[in-house]
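K.L.:
Spelled out, the chains give:
Protein chains: 2
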Amino acid sequence: MITTDSALLTDLYQLTMLQTYHVERMHETAVFELFIRRLPPERNFLIAAGLEQALDYLENLHFTAKELDWLADCGRFGPDFVAALAAFRFTGTVHALPEGTVFFANEPMLRITAPLSQAQLVESRLINLIHFQTLIASKAARCVLAAPDKLLVDFGMRRAHGAEAALLAARAAWLAGFAGTATVLAGMKFGIPLFGTMAHSLIQAHDREEDAFERFAIAQPGNVVLLLDTYDTEAAAHKLVKLAPRLREYGIAIKGVRIDSGDLAEHARQVRRILDAGDLPQVTLFGSGDLDEHRLRELLADGAPFDGFGIGTRLDASTDAPTLELVYKLQEYAGRPRRKRSEGKATWPGRKQVYRQMTADGAFAGDCLGLEDQPQPGAPLLTKVMERGRRLHPSESLAVIRDRAQAQLAALPVDLRANAPALPYSVDIAPELRELAARLDRESH
Amino acid sequence: MITTDSALLTDLYQLTMLQTYHVERMHETAVFELFIRRLPPERNFLIAAGLEQALDYLENLHFTAKELDWLADCGRFGPDFVAALAAFRFTGTVHALPEGTVFFANEPMLRITAPLSQAQLVESRLINLIHFQTLIASKAARCVLAAPDKLLVDFGMRRAHGAEAALLAARAAWLAGFAGTATVLAGMKFGIPLFGTMAHSLIQAHDREEDAFERFAIAQPGNVVLLLDTYDTEAAAHKLVKLAPRLREYGIAIKGVRIDSGDLAEHARQVRRILDAGDLPQVTLFGSGDLDEHRLRELLADGAPFDGFGIGTRLDASTDAPTLELVYKLQEYAGRPRRKRSEGKATWPGRKQVYRQMTADGAFAGDCLGLEDQPQPGAPLLTKVMERGRRLHPSESLAVIRDRAQAQLAALPVDLRANAPALPYSVDIAPELRELAARLDRESH
Numbered sequence: 220m221i222t223t224d225s226a227l228l229t230d231l232y233q234l235t236m237l238q239t240y241h242v243e244r245m246h247e248t249a250v251f252e253l254f255i256r257r258l259p260p261e262r263n264f265l266i267a268a269g270l271e272q273a274l275d276y277l278e279n280l281h282f283t284a285k286e287l288d289w290l291a292d293c294g295r296f297g298p299d300f301v302a303a304l305a306a307f308r309f310t311g312t313v314h315a316l317p318e319g320t321v322f323f324a325n326e327p328m329l330r331i332t333a334p335l336s337q338a339q340l341v342e343s344r345l346i347n348l349i350h351f352q353t354l355i356a357s358k359a360a361r362c363v364l365a366a367p368d369k370l371l372v373d374f375g376m377r378r379a380h381g382a383e384a385a386l387l388a389a390r391a392a393w394l395a396g397f398a399g400t401a402t403v404l405a406g407m408k409f410g411i412p413l414f415g416t417m418a419h420s421l422i423q424a425h426d427r428e429e430d431a432f433e434r435f436a437i438a439q440p441g442n443v444v445l446l447l448d449t450y451d452t453e454a455a456a457h458k459l460v461k462l463a464p465r466l467r468e469y470g471i472a473i474k475g476v477r478i479d480s481g482d483l484a485e486h487a488r489q490v491r492r493i494l495d496a497g498d499l500p501q502v503t504l505f506g507s508g509d510l511d512e513h514r515l516r517e518l519l520a521d522g523a524p525f526d527g528f529g530i531g532t533r534l535d536a537s538t539d540a541p542t543l544e545l546v547y548k549l550q551e552y553a554g555r556p557r558r559k560r561s562e563g564k565a566t567w568p569g570r571k572q573v574y575r576q577m578t579a580d581g582a583f584a585g586d587c588l589g590l591e592d593q594p595q596p597g598a599p600l601l602t603k604v605m606e607r608g609r610r611l612h613p614s615e616s617l618a619v620i621r622d623r624a625q626a627q628l629a630a631l632p633v634d635l636r637a638n639a640p641a642l643p644y645s646v647d648i649a650p651e652l653r654e655l656a657a658r659l660d661r662e663s664h
Numbered sequence: 220m221i222t223t224d225s226a227l228l229t230d231l232y233q234l235t236m237l238q239t240y241h242v243e244r245m246h247e248t249a250v251f252e253l254f255i256r257r258l259p260p261e262r263n264f265l266i267a268a269g270l271e272q273a274l275d276y277l278e279n280l281h282f283t284a285k286e287l288d289w290l291a292d293c294g295r296f297g298p299d300f301v302a303a304l305a306a307f308r309f310t311g312t313v314h315a316l317p318e319g320t321v322f323f324a325n326e327p328m329l330r331i332t333a334p335l336s337q338a339q340l341v342e343s344r345l346i347n348l349i350h351f352q353t354l355i356a357s358k359a360a361r362c363v364l365a366a367p368d369k370l371l372v373d374f375g376m377r378r379a380h381g382a383e384a385a386l387l388a389a390r391a392a393w394l395a396g397f398a399g400t401a402t403v404l405a406g407m408k409f410g411i412p413l414f415g416t417m418a419h420s421l422i423q424a425h426d427r428e429e430d431a432f433e434r435f436a437i438a439q440p441g442n443v444v445l446l447l448d449t450y451d452t453e454a455a456a457h458k459l460v461k462l463a464p465r466l467r468e469y470g471i472a473i474k475g476v477r478i479d480s481g482d483l484a485e486h487a488r489q490v491r492r493i494l495d496a497g498d499l500p501q502v503t504l505f506g507s508g509d510l511d512e513h514r515l516r517e518l519l520a521d522g523a524p525f526d527g528f529g530i531g532t533r534l535d536a537s538t539d540a541p542t543l544e545l546v547y548k549l550q551e552y553a554g555r556p557r558r559k560r561s562e563g564k565a566t567w568p569g570r571k572q573v574y575r576q577m578t579a580d581g582a583f584a585g586d587c588l589g590l591e592d593q594p595q596p597g598a599p600l601l602t603k604v605m606e607r608g609r610r611l612h613p614s615e616s617l618a619v620i621r622d623r624a625q626a627q628l629a630a631l632p633v634d635l636r637a638n639a640p641a642l643p644y645s646v647d648i649a650p651e652l653r654e655l656a657a658r659l660d661r662e663s664h
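Chains as they are written, first to last, in the working numbering: chain A, 220 to 664; chain B, 220 to 664.
Read the hints as simulated data drawn from the structure, not as lab findings.
Errors might be hidden in some of the hints.
Which copy? The list can't say, so a pair holds if one copy fits it or any two copies do.
Claimed, not checked - Calculated pairs, SDA-like style, for lysine to any residue (alpha carbon to alpha carbon, straight line, at most 25 Å):
(1) Lys461 <-> Asp660
(2) Lys461 <-> Glu662
(3) Lys408 <-> Leu611
(4) Lys461 <-> Arg609
(5) Lys408 <-> Leu280
(6) Lys458 <-> Glu243
Chain A with its partners taken away, still in its complex shape:
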């Protein structure tokens, strides 16, 4: 029903600006950078994600005949301009943080260097794609840090904001360290491991809970995870202990149970005791229901004997911080650095690079935001990934990105890994960059 990769998936003002640039013949090279103005108070760091989809978008960008007809008929654009759009392609250069990279406020995640109109049109969709996956990867990473040895599964499709959000949330959570997702299409599209159990409705559709357990196990012998809390969680655990020997006769082992309501920690302890006493120590416990990194730490601190968790709503909508201040700003046009000076929204001009220093034992020691042509101490993080509108390398596999994210999280200073807000990580501004900004401000007066 919904086409997600249309060139018209943009804001109207991009097209009105393009018409101006067309009339004025302003086709010189523009440099835009994508960065976060401020971290939300609930985040100590972010994880870059979404580059793969952004590069797909740039490589395939064009106006279809139907879209051109619609533009010609909508009364806003001249025939000459619409005719020019027929040949529109993205032919620029892209520098980016590799997906899975930890980054901070003011650090460019992406730089576009392209003829002005090309660089301008792509703003809306680039932000839309990269904002969302970065949002979810960053939230997922906090969950992973809160429960590092637990199996975490994305359960959030239903409350994600639409289909694309559901699919890309599964991708973003997996690259940040989740074990998998419940969203089947994400498994098919991205090769992410799938997890799933049963809903309360299956229990309710049977007249007796124990019948539901038995029949589900027989129909799904390879993956028997039973939901205990439809009526009475502990009573259900006892039913399961009774059922297990009969299933064993069929050669079926109960793999796990899920608890989705009530006092999860207390139910988990009770159920663990019942299962252990019933000779089912190998049955794993899986918890779900309004979980996030805060609830995970509470449950684990409370000694709840869970082996894994399904995280839904609060992950897929990043409910405590549902947006990031991700912006895309002109830094240079026609060879001259540019600076926006709006109140509270001033930007650092020029083509920038992020330089990261490491401690001797491999932890992040501080970043420096500098100009690309005036290197600072530390390793540069932005790399060139596209030239003349084409990827320079094959797509990275999600597994490679996931490993990078895990290595980055391991290098993160300890206080930034906590749930609580920490003192901001040090991102210095290189003196050359400060001087450039000051010079531009002077020249404009």
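With the hints as your guide, set chain B onto chain A.
P.N.:
Same frame as chain A, now just chain B:
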């Protein structure tokens, strides 16, 4: 890139349950209802939206050959079950609140009556579609109530959670009373009016702000809305006063200005004075930048002379309440009412209807949640919209839905229209429904 209407856009457990139902031959009629458990504290009412896309989904639902192959190969499902999925279609009945209807907690928005497997599989995507649009329509309605005579435009595409969210947010905001959207594809797909101005980058790409204004006006003579806050808002307004007579010679009138940063109310007052003194009283003022219903009321209370507003991030991600507790629960199977009794998540069983009473002067006087076959005083709100898997009526036009929403908002009790949390609207539970629930609880012990 992303297919949004795949039958695999569902949670894995739906398919594992379907396999159980297939093995058990459980194909009798199930009744599921979709409802909100609790309103978020920030919402006094909700507006139903998303039915059109939900019905599209149900009418077109099927597994493609590629999807069936993938299912057969993934190792979780038997060949017999996968073969049966090839013939899977939705053949059920749907009752629903018409889009644009105001509703409250516990009131079913949608009821599905269908063979168990069909009714089960569709849960994830139905919630995904209806949750999001209802979320956004409800947020947009609060903005409309906060600024009833102002032109409100959806500016949120970039921070919406993905492409589908951006498009459906534009639709949901428009049906709730917004004047239009900036998202071009939403204009093309849904016929929603488009609005757009310019970005700061257009100003920055020119060496002089006044040149940017003039050239934009000449390239876009029919829609000259100029952005004032790139450098100095009041200085920009003075430049515009100087420029206006020259544009008038070309036959071009400046239609409006936009202010996007700083103290919006104070800038608006200053700019209004400068424009009026400069013989430009007809130029309208448009405000943007982190707006929502709270900021709108503040700005208007502060006497800010704005004519319209662009609402982005806080609308398209509904940041103060980014999810709703929308659930889809089995109410009846094989002719017997069913009740989930999980702690804190118990449901009202049976096929329900919402009966709404009105005051003599046409305001909502209170609802009653009752059983469909035991009518209560008031008008029933759920109507049958689909039978045997086909729509009973042509799609409603968005204009009709929008008029309904406006009429409903006008009938809303005054305290529910405020930004502040109000005492909940009265939703009684019919005695027959209480009795049914009590009887089911007794029978299960």
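K.L.:
Kindly indicate which numbered hints from before are broken by the structure, ordering the numbers from low to high.
P.N.:
4
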